[in-house]
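Model the full assembly from the supplied sequences, consistent with the hints where possible.
Order-wise, the sequence lines are chains L and A.
Residue numbers for the first sequence, in the numbering used here: 1 to 115.
Residue numbers for the second sequence, in the numbering used here: 1 to 115.
I should point out that these hints are in silico values taken from the structure, not numbers from a laboratory.
Cβ atoms here follow ideal geometry from the backbone N, Cα and C, with glycine treated the same way.
Zero decoy hints are in this set.
Not everything, but these chain L residues come out facing chain A in the computed CB check (under 7 Å):
#1 Gly42
#2 Leu43
#3 Phe45
#4 Asn56
#5 Gly58
#6 Leu90
#7 Glu103
#8 Phe106
#9 Gly107
#10 Glu108
#11 Gly109
Once the Cα atoms are required to be at most 27 Å apart in a straight line, the calculated DSS-like pairs of lysine-lysine come out as:
#12 L/Lys57 / A/Lys37
#13 L/Lys57 / A/Lys71
#14 A/Lys107 / A/Lys37
#15 L/Lys57 / L/Lys13
#16 A/Lys107 / L/Lys57
#17 A/Lys71 / A/Lys22
#18 A/Lys58 / A/Lys37
#19 A/Lys42 / A/Lys57
#20 L/Lys13 / A/Lys42
#21 A/Lys42 / A/Lys22
#22 A/Lys42 / A/Lys107
#23 L/Lys57 / A/Lys42
#24 A/Lys37 / A/Lys22
#25 A/Lys22 / A/Lys68
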Amino acid sequence: KAGVTQTPRYLIKTRGQQVTLSCSPISGHRSVSWYQQTPGQGLQFLFEYFSETQRNKGNFPGRFSGRQFSNSRSEMNVSTLELGDSALYLCASSYYPGLATGELFFGEGSRLTVL
Amino acid sequence: GENVEQHPSTLSVQEGDSAVIKCTYSDSASNYFPWYKQELGKGPQLIIDIRSNVGEKKDQRIAVTLNKTAKHFSLHITETQPEDSAVYFCAASTVTGGGADGLTFGKGTHLIIQP
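This is the structure we're talking about:
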């Protein structure tokens, strides 16, 4: 069974630009969560989607947004990039939403560098 | 919101010895405590989890203990092997019938197994 697939794996942007990251969950998984990982702040929850609806959101500014499609694939978008947005963005999928049962399966992440 | 503290940040042990990583949490409503292992260049992988109605859980060389009164939980790895070298993260979340908050992670412990 294929794991969580994130694209692109690496990208470089400049301040002020926007970026879109993509996540394909494990087949059959309907919940997708996004996390930001930085050396200073560690792993921080961005948002969770289930059945195309955002169920939960972490404490990030409105520049961070996401969506989920009917096939459970998800995208996240960061607009007006800042240097501090440089991070590894991790996507995780699970069959059920909200950690009710089962584990989160993480992808290998998209490493964003903002210059 | 929830706050998770993790210690130590780096732990070096001889191969074959035991390793213990400790975490504390602040929100008494948290009831789900997973531990993740992250190897270089990969996403976090769940290694064991515990829910607040259980005090201890074991899986081969790995065990987790939970003290709800002290808001403290620990990961124990016995008979450490070179492949145990990685960064370990503890996390906490509140899971209810209606869903859950995202995971709040500790800052991670870099476990080094010395040959």
